[in-house]
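**Student:** Protein chains in written order, with the UniProt record's numbering: chain A, 1 to 370; chain B, 1 to 370; chain C, 1 to 370; chain D, 1 to 370.
Errors might be hidden in some of the hints.
To be verified - List time: in silico DMTMM-like cross-link candidates among lysine to aspartate or glutamate, alpha-carbon distance up to 20 Å:
| hint | chain 1 | residue 1 | chain 2 | residue 2 |
| --- | --- | --- | --- | --- |
| 1 | D | 265 | C | 290 |
| 2 | D | 265 | D | 223 |
| 3 | B | 113 | B | 154 |
| 4 | A | 2 | A | 153 |
| 5 | A | 265 | B | 290 |
| 6 | C | 2 | C | 153 |
| 7 | B | 265 | A | 286 |
| 8 | A | 113 | A | 279 |
| 9 | B | 265 | A | 290 |
| 10 | D | 113 | D | 149 |
| 11 | D | 2 | D | 27 |
| 12 | A | 265 | B | 154 |
| 13 | C | 265 | D | 149 |
| 14 | D | 265 | C | 286 |
| 15 | C | 265 | D | 223 |
Source of the hints: derived by calculation from the structure; they are not laboratory data.
There are 4 protein chains.
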Amino acid sequence: MKAQDVGVWCVPCRGPADLSGVQALAEAGELDPRDIVAVMGKTEGNGCVNDHTRDFATMAWQHYLSSHLQCTPAEVEARVSLVMSGGTEGVLSPHFTVITRRFIVGAPAADDKRLVVGVAQTRTFLPEEIGRRAQIEATAEAVRGAMRDAGIEDPADVHFVQIKCPLLTSDRMADAAGRGAAPVTQDTYASMGFSRGASALGVAVALGELPADTVHDGLVLADGAPWSGRASVSAGIELENNVVIVLGEAAGAVSAFRIGHAVMKDAVDAQSVRTMFRESFGLDPERDADEVARRLVNLLAKAEASPDGRVRGARHTMLNDSDINATRHARAAVGGVLGALVGRTRLYVSGGAEHQGPPGGGPVAAILHI
Amino acid sequence: MKAQDVGVWCVPCRGPADLSGVQALAEAGELDPRDIVAVMGKTEGNGCVNDHTRDFATMAWQHYLSSHLQCTPAEVEARVSLVMSGGTEGVLSPHFTVITRRFIVGAPAADDKRLVVGVAQTRTFLPEEIGRRAQIEATAEAVRGAMRDAGIEDPADVHFVQIKCPLLTSDRMADAAGRGAAPVTQDTYASMGFSRGASALGVAVALGELPADTVHDGLVLADGAPWSGRASVSAGIELENNVVIVLGEAAGAVSAFRIGHAVMKDAVDAQSVRTMFRESFGLDPERDADEVARRLVNLLAKAEASPDGRVRGARHTMLNDSDINATRHARAAVGGVLGALVGRTRLYVSGGAEHQGPPGGGPVAAILHI
Amino acid sequence: MKAQDVGVWCVPCRGPADLSGVQALAEAGELDPRDIVAVMGKTEGNGCVNDHTRDFATMAWQHYLSSHLQCTPAEVEARVSLVMSGGTEGVLSPHFTVITRRFIVGAPAADDKRLVVGVAQTRTFLPEEIGRRAQIEATAEAVRGAMRDAGIEDPADVHFVQIKCPLLTSDRMADAAGRGAAPVTQDTYASMGFSRGASALGVAVALGELPADTVHDGLVLADGAPWSGRASVSAGIELENNVVIVLGEAAGAVSAFRIGHAVMKDAVDAQSVRTMFRESFGLDPERDADEVARRLVNLLAKAEASPDGRVRGARHTMLNDSDINATRHARAAVGGVLGALVGRTRLYVSGGAEHQGPPGGGPVAAILHI
Amino acid sequence: MKAQDVGVWCVPCRGPADLSGVQALAEAGELDPRDIVAVMGKTEGNGCVNDHTRDFATMAWQHYLSSHLQCTPAEVEARVSLVMSGGTEGVLSPHFTVITRRFIVGAPAADDKRLVVGVAQTRTFLPEEIGRRAQIEATAEAVRGAMRDAGIEDPADVHFVQIKCPLLTSDRMADAAGRGAAPVTQDTYASMGFSRGASALGVAVALGELPADTVHDGLVLADGAPWSGRASVSAGIELENNVVIVLGEAAGAVSAFRIGHAVMKDAVDAQSVRTMFRESFGLDPERDADEVARRLVNLLAKAEASPDGRVRGARHTMLNDSDINATRHARAAVGGVLGALVGRTRLYVSGGAEHQGPPGGGPVAAILHI
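Construct the complete structure from the given sequences, taking the supplied hints into account.
**Tutor:** This is how it looks when you write it as structure tokens:
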């Protein structure tokens, strides 16, 4: 029998297309590029509609991996999940989280559950499907596929589902209009929220957080709507379908990593993450700061401006700021919250947490070395 | 003998000119507008050159206080220190910190030192004096004047010096050029940093953190230059001199408040502030969260993007971002750090910490009810 | 019989609250502040949701006029139409267009039609009325009222209808939600477009450009919807109803000014404005540049990013730019177009031309001295 | 004898890395990729420090051309001048101006001078050389080399010199500091202006507009300093030396194109460009609009915010705007000016015109089909 061995690296970069850190790891023999199944990049663009650092990084990865995988750059996308999340506001530091997977024959099984990963993709969406039931259902199906790929049976063992989803540009809206179809919104920036929201609801359906038969078009971005405690979704201009990465734990895996998750109740809720460190890993971020620094590979978190305009009862101005989009504000703030908690800033904090955690809050996963 | 009684309120507002919260306190008899000696506002502009929310708030306060002080709006400025700091990025919430002072005859002296306040102003600066020795020395003199006004003799009893200083606009630079004088920079945004830096060095001189005879023009923004652990400076387009507010403690005062301070070593250094809470007030922000929430009036903090481009060794992108100025990034991040620490977001976090704390860090003061 | 005498000044300012230019005119006896019926300000904010330069300018005008009108600042608003449009991107220069009116007994009538002005206001709108039929119909009624006030009977004599309308903030949306009502959008920036669009349709109804019985909620921002060739609408956070100013011509008036209008077909259509100068005033902007410079008081124009994402067939990026809002781009571009045409930059170019001129274009009025 | 045959195409793109338009031309046999000597791209980033659309486009071109030139992507840069200028604010439309050159044996010489092109590069600069004499002199030498490459002897036949130059990032400044060297500025955004200014002075030296012996470090960005009427410089994060493209006319060439140039005196000076069309090409942009539309390949223009804060005597706010950099404002405005003049928006308008044309103005070249 073959045992799953997942590796995770948090690799800094000097720019969106700088893969020298990854190349160094490969040349040192620490990482075999052919084992890479997913990359979650944090690039330094605005994270909004016209953020081309995401597709720039994607192009660099495609060219890099094409030589190792002996395929064309365009074919890479079908074999490796490349998820680039733009925006390193505040103290956040650009980097790539590189995930490898191989199956080892005859490895002695670990006593406890260990990190596993699975990937899947949906079909290409029509512009008018974005932000609606069609996107929810296709995403749920892809999440279930990725769970199977990861070897996870119990949804409780899923700790983080990362999705990359498309957005609507003027061109795509015009395409829909030309066919007599109406997109869910005419605002390109707003379309990112709809697409993220529908994708997160798809995760909630797959994980049993939301009954499948309650799904309808109007659920996305509706007030008081349900949310997933483990979904993380980024929208990007560079793709037209959903790419899904499931991270969780499974018995029998031999990875040298574990994963846990918490749900931040609001943007300054460090307490929930602190509690997760204590309960999941037996570590206190203040008392055991050195060990946390040594073992933490990355935090994966979602951030958003509280939609009711308040944090802990006090008015915030993120939603009324026409110079800086709310997602940028939220990433900067939550980057500070988590950076102070774990004493480092190379963290994956992604903006726009529609249906990802409660309003104003968001899921956070922690990956630690054993 | 008369004992100093200082009051402090943290009053929310619905916009830069919304004084309804202050009016309500006044009408309820809790606060007498005639006792106000200083207001430190956190307004919701960009905190940079073209942030008119600062002068908008100032105009509103001038009109409000002019009726209570029975003077013209223009005369208010000479009697009350109005310091407006723009920028409530991330979770930060707009508000006014209102400081009153009166002298009470025959009040029983407190056993311990209590909060005191003093104010002073420099003369009007020429554009070419901004960011240079002339501004440093005039500021040091004003800080000493404000200490005398506060009744503080030992510089160690000064915990926070808030200064509002001018910046250079195109018009002011043209004025200097017309007289054959060269301003320290031709860049309006950069001038804010020079003016803040010179003002902070003035504080350092007055508090004995920097020998007066080492001061020269080239010291401002020089690499490896000295800093003050208690200076907080904001630049604004609406004034042409420095306004100084000294906050500290003195024996004999009868205020119901105390003040302490820490110096954050970098933008995510919550630990130094946590330690200050324990050592100065005997409170642990996590364990005693409820008591901290009840007693804390406000944190007064400075934030800046680390000038070496790194936080805890990892590259940040704040200084290379031409869409969002670095001061905005820094306020958002530090607002998250402190908001998570004390569980509230109505905090005074001000950007641009040149010579205010170590590079990338900054001073933080905490005012608590007894 | 009394003849209407309307005066118009284009007064520069050094900041949003700088009325020194107006004061100088008043002190020189050229302008009697008591005659002011309307002010159209171009202030230097972002022109979007959090542009507080508009209410800052309004507050300054209210305090200034309150002493001349012997009323409180708050009462000024009911007596003088103060319309502040934010955004002086590119070459545009901040200024106030001040409009006075008085009625002169026994003045000899002019041979031709001359400039007249009328003002009116709607009632306060509920948040959920913004961008819907209720706002359209109340606006149409107010435009008719302003026409009567101006002494204009034939809608063809109306050359420009300036409206200031409210927008939705997070607070106002929460208020609606609290009453179980749904605003037309949850996006504060988007609400500005809905409010401007409904207001413009109200103008179209009043001027006979749109049959009143075709008005319905869904008409606002609908594809292929009608537009007015003379509406100019600005949204602002500082008011909750619509303020209407009608500018036109009428026989019998004795004003020393005339007005004409054109409709720009797209953002670079200088030709339509050039033709209007030739046909309405017998002046060629290139050949008669000196006379145009001498006689032109102001151009009043609307600008918008073409909603189909193209100008003259080429893709523009205004609608996909998440760093700079599209209205800011459009003002900058049209400011360049018109500035080059008339050789000056103190022009009223206002952004967001929903239902104001054809998609991507907008109305332009020119006021000239006789 | 061999005659120079230069081709020029203005090719639209759907994004920074979209070369489908170029590929279509190549596949149709209209353009041989092996003949390409230079590409001047207008990409849709912010045109400032963190504009990665420039290096993204460069990477796409390198990969595209590497297969045609049978070299590695990295080697392309040494063989083809790839100049990407970020920023398509306002109506401007992203595109690539592709320039080919081949030498034809036995072609009949044209009666008049025709378009020629030459290219050259400087050595790599140290960070501390940027914005100083070393950069000026190396640039002048490279311009002379490009003139020789173009076959131009008389500097009067040079109509446009396009340069791409480096900027200073935090990393590069740290590198200089590490060697004890002081860069010309500590501000990354400001470094772009210094680098552009020094490069433009290099052009002025090479074209005889500035005596070589008057060059010194302090000349760059000095008040009242000299300027070139034919220099166009863009700064980018993606290179460390200067790339030079000279465009001009020469007898004996057989190109089907001509080029002329004008100098805009300020940002709204359409008149100088109109006059150039009449005098250089015998075409009036209004009267001969159709012929101009048919024959114009592109305008190549520089734009900047007037450093004295005024346009035609009226205050502008571009230099005080901390939300939008001045170069973005200027491109948007001049894009409108030129777009209205020639009736199209696919124009090369580049920001930051230090020493390129008079303060607030800039050079403009027009390339037309015969």
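**Student:** Does each hint fit the structure? Answer for all of them.
**Tutor:** The hints, checked one at a time:
| no. | hint | verdict |
| --- | --- | --- |
| 1 | D:265 x C:290 | 18 Å, holds |
| 2 | D:265 x D:223 | 17 Å, holds |
| 3 | B:113 x B:154 | 12 Å, holds |
| 4 | A:2 x A:153 | 17 Å, holds |
| 5 | A:265 x B:290 | 18 Å, holds |
| 6 | C:2 x C:153 | 17 Å, holds |
| 7 | B:265 x A:286 | 16 Å, holds |
| 8 | A:113 x A:279 | 15 Å, holds |
| 9 | B:265 x A:290 | 18 Å, holds |
| 10 | D:113 x D:149 | 16 Å, holds |
| 11 | D:2 x D:27 | 27 Å, violated |
| 12 | A:265 x B:154 | 45 Å, violated |
| 13 | C:265 x D:149 | 45 Å, violated |
| 14 | D:265 x C:286 | 16 Å, holds |
| 15 | C:265 x D:223 | 42 Å, violated |
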